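In case you want the letters, here they are:
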Amino acid sequence: MKRKTLTITLVFLLAGLFAVSGATAREVVDMVGRKVALPAVIKKVYAPSPYGSYILYAMDPTLMAGLIFPLKEEDRKFLDKRVHHLPVIGGLFGQGQTANMEVLLKEKPDLIILWTTGKATINKKAEETLIKLNIPYVYAVAENLAAYPDVFLFLGKVLDREERGEMLARYTRKVLSNVTTVVGKTPWEKRPTVYYAEGTDGLKTECNDSIHVELIKLAGDRDVHRCHTASHVGMEKISLEQVILYNPDVIVAQEKAFYDKVFFDPRWQHVKAVKEKRVYLIPRVPFNWFDRPPSFMRILGLQWLMGSLYPEQYPLDIVREARTFYQLFLGADVSQEDMKAVIRP
Amino acid sequence: MKRSIILSSLLILLVLTAIVSLTLGKYPVTLSDTCLFFVGKILNEKQATVLDQTLLENLLLSIRLPRIIAAMFVGASLSVSGAAFQAMFVNPLVSPGLLGVLAGASFGAALGMVVSNSWLAVQICTFLFGFAAVMIAVGIARIYRGSTILLLILGGVISGAMFTSLLSIVKYSADPYDKLPAIVYWLMGGLSLADGQTVLYVAVPMTVSIVGILSMSGYLNVLSMGDEEAKAMGVPVQRIRFLMIFLATMASALTVVIAGMIQWVGLIIPHIARMLVGPNNRTLIPASILIGATYLIVVDDVSRLMFNVEIPIGIVTSLVGIPFFVLVLRKANRGWGA
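Residue numbers (numbering that gives the first Met the number 0), protein chains in the order written: chain A, 0 to 344; chain Z, 0 to 337.
Just chain A, with the same shape it has in the complex (with noise of 0.2 Å):
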């Protein structure tokens, strides 16, 4: 009797690992060295940060299971109109508005891709909450810009895009090659030295080594406030006088409040950048080109970053360019009218 029963359970339990090896049809290794059981098709997916929400905006919006914020009026005739109408699920851990976990499971994705800037940011809290659910979830890892092709061909093995991926990652790798080029061959002293203003006064910044000001880095690497990052959140307070002070020889606005006026408050006339008008706006449509979050649209942003510092050694067609990454990033045709109107709103 004893044995029957132990015969039945041996058989039961066979015949589930066959159904759950049917259902797990690929294994990989993520980024940060799990290996995870894909589901066989996976068709809605949840990155609960911007960052990876932009990401897997880029491989394929038809992905999105839902957003992590409402999307802004201005941006929604750049995204594609199958997500207009995603719900909001949220983000998780600090990362925009707390998702409620009974939509999250409503929604059913088969997968969750989760960010992170290096094994040692890993959110363990995150993670114990993420077994709860039972959805497999696979980390994507971006300390720099850099690392950014290899996320792209990451996902695009991940979520059976490969050609996707590689394309993007090509195209950023070009990038980055260029530049690296170019601010290679410009002496130090010969490189401009950049300010960057945030907010509405234009009196908030950060420290050199922050990610919000990766750009600059790449970019010839002369931030002007040159100090150690405290926290991710940044938006360190400077005064004017300290501005005076650096002399930057450009200024990159994030606000636009900001820039219309910094040009004819007689208190920034003694700031280089200013005199030579050489402050520029950063786009923001429909994500941010430089910062805030930093994203992978920084992939553009750096090239109108180098166009505007460099523009003898980086020559550029802003608008030309923008719209191929658009077309190629957002899958967003957009008119050159309109392009011009994203650069200089």
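If you're looking for bench data, these hints aren't it; they were derived computationally from the structure. Accuracy of the hints is not assured; some may be wrong.
[As the list claims (entries may be wrong)] Derived DSSO-like pairs: lysine-lysine, alpha-carbon spacing no greater than 27 Å straight-line:
no. : chain 1 : residue 1 : chain 2 : residue 2
1   : A       : LYS255    : Z       : LYS170
2   : A       : LYS260    : Z       : LYS178
3   : A       : LYS184    : A       : LYS173
4   : A       : LYS71     : Z       : LYS178
5   : A       : LYS123    : Z       : LYS170
6   : A       : LYS274    : Z       : LYS25
7   : Z       : LYS178    : A       : LYS339
8   : A       : LYS271    : A       : LYS260
[What the hints assert, rightly or not] So, partial list: chain A residues that the calculated Cβ filter (under 8 Å) puts toward chain Z:
no. : residue
9   : GLU235
10  : GLN241
11  : ARG266
[As the list claims (entries may be wrong)] Derived list of chain Z stretches under chain A, where covered just means 3 residues or more per stretch with a C-beta under 8 Å from a C-beta of chain A:
no. : segment
12  : 74-87
13  : 168-181
14  : 186-200
None of the values given here were measured: they were computed from a predicted structure. All C-beta atoms in this analysis are idealised placements derived from N, C-alpha and C, irrespective of residue type, glycine included.
Take the given structure of chain A and dock chain Z to it, following the hints.
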């Protein structure tokens, strides 16, 4: 006699602090350059300075001066509102935020930042919601009959709590990479957005409030005896109180408009003034104004100069204020009126 000596020495201290602060800054300007510049301005002829004249004008008149003036007005407004409230509510623990004005104004500022990119819209929103919060508090108090003071305080607690929660909602729904840090930093307080023009158009209503409260300081003495006594002496308690609340609200809401949330000043400065000149509001109110103005100029100097980056001024006022308040409490234990 003693009163005029103390007040005039406080005034001299304020003027000296302002002048010294004008010479302090991140950009190295020598004392002689500063003096020569002002001598040149007064005599209307250019003096030979080391730094370029227009740069000096920019540093001294466009960057430093508006900030010093703004600090002065903000300090004075918060202190005078605090002193008036403490007398009116017969309570030493009262601060200008009692009726919810700071909570309302903060909510207004955050809402403005989320819905609009125009700074003027943010400022208007700040001011209006500061008033709205106080009106709700007063409205709640008027629904019921009973001890007006107690009901007003409870109304303020309710209105303040409501706007604090509303503020949280706005923060929660704000873009966490862009708008949220801006809101958080603004609520920590700071004078970096105080440019000449803003200071100019905010200073006028602030002066009205300060002078208004100052001119009514005699009534505050009567009010601080309690409603019954005041009524018995023929003072129109309700009318005076609401006028007072109106003026104090205007002054406090405007401080949020130019400097964000600055805590503790309105609570501590009246106590310091009281230690110095005693409880008579005729002296206490002007003393609070002068000390508050001086204090905030000094605190802003610290926030400008201490590090390469600016420290939000609200943090400094709290950090300096809290230990000081503990000391004041020891003294207050012996009876705050004396």
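Here's how the hints hold up against the structure:
This hinted pair checks out: LYS255/A and LYS170/Z have alpha carbons roughly 21 Å apart, not beyond 27 Å. Among the hinted pairs, LYS260/A with LYS178/Z is consistent with the structure: their alpha-carbon atoms are about 19 Å apart, no more than 27 Å. Between LYS184/A and LYS173/A the alpha-carbon distance is near 17 Å, which keeps this suggested pair within the 27 Å criterion. For the hint pairing LYS71/A with LYS178/Z, the CA-to-CA distance comes to about 13 Å; that is within 27 Å, so the pair holds.
Restraint check: the Cα-Cα separation between LYS123/A and LYS170/Z comes to about 26 Å, which is no more than 27 Å; the hinted pair holds. For the proposed pair LYS274/A and LYS25/Z, the alpha carbon gap of about 21 Å is at most 27 Å, so the pair holds. For the proposed pair LYS178/Z and LYS339/A, the alpha carbon gap of about 25 Å is at most 27 Å, so the pair holds. Proposed proximity of LYS271/A and LYS260/A is supported: the alpha carbons are some 16 Å apart, at most 27 Å.
Look at GLU235/A: its Cβ gets to within about 4 Å of chain Z, closer than 8 Å, so that hint holds up. Evaluation of the GLN241/A hint against chain Z yields a held restraint, the C-beta minimum of about 5 Å falling below 8 Å. With 8 Å as the threshold, the beta carbon of ARG266/A comes within range of chain Z, its nearest partner Cβ sitting at about 4 Å, so the hint holds. Using a Cβ-Cβ cut-off of 8 Å, 0 residues of the segment 74-87 of chain Z lie near chain A, which falls short of the minimum of three, so the contact claim is violated.
For a cut-off of 8 Å, the count of residues in the segment 168-181 of chain Z with a CB near a CB of chain A stands at 8, and the three-residue condition holds. A stretch counts as covered by a chain when three or more of its residues have a beta carbon under 8 Å from one of that chain; for the segment 186-200 of chain Z and chain A the count is 4, and the coverage holds.
Of the numbered hints given earlier, the model fails hint 12 alone.
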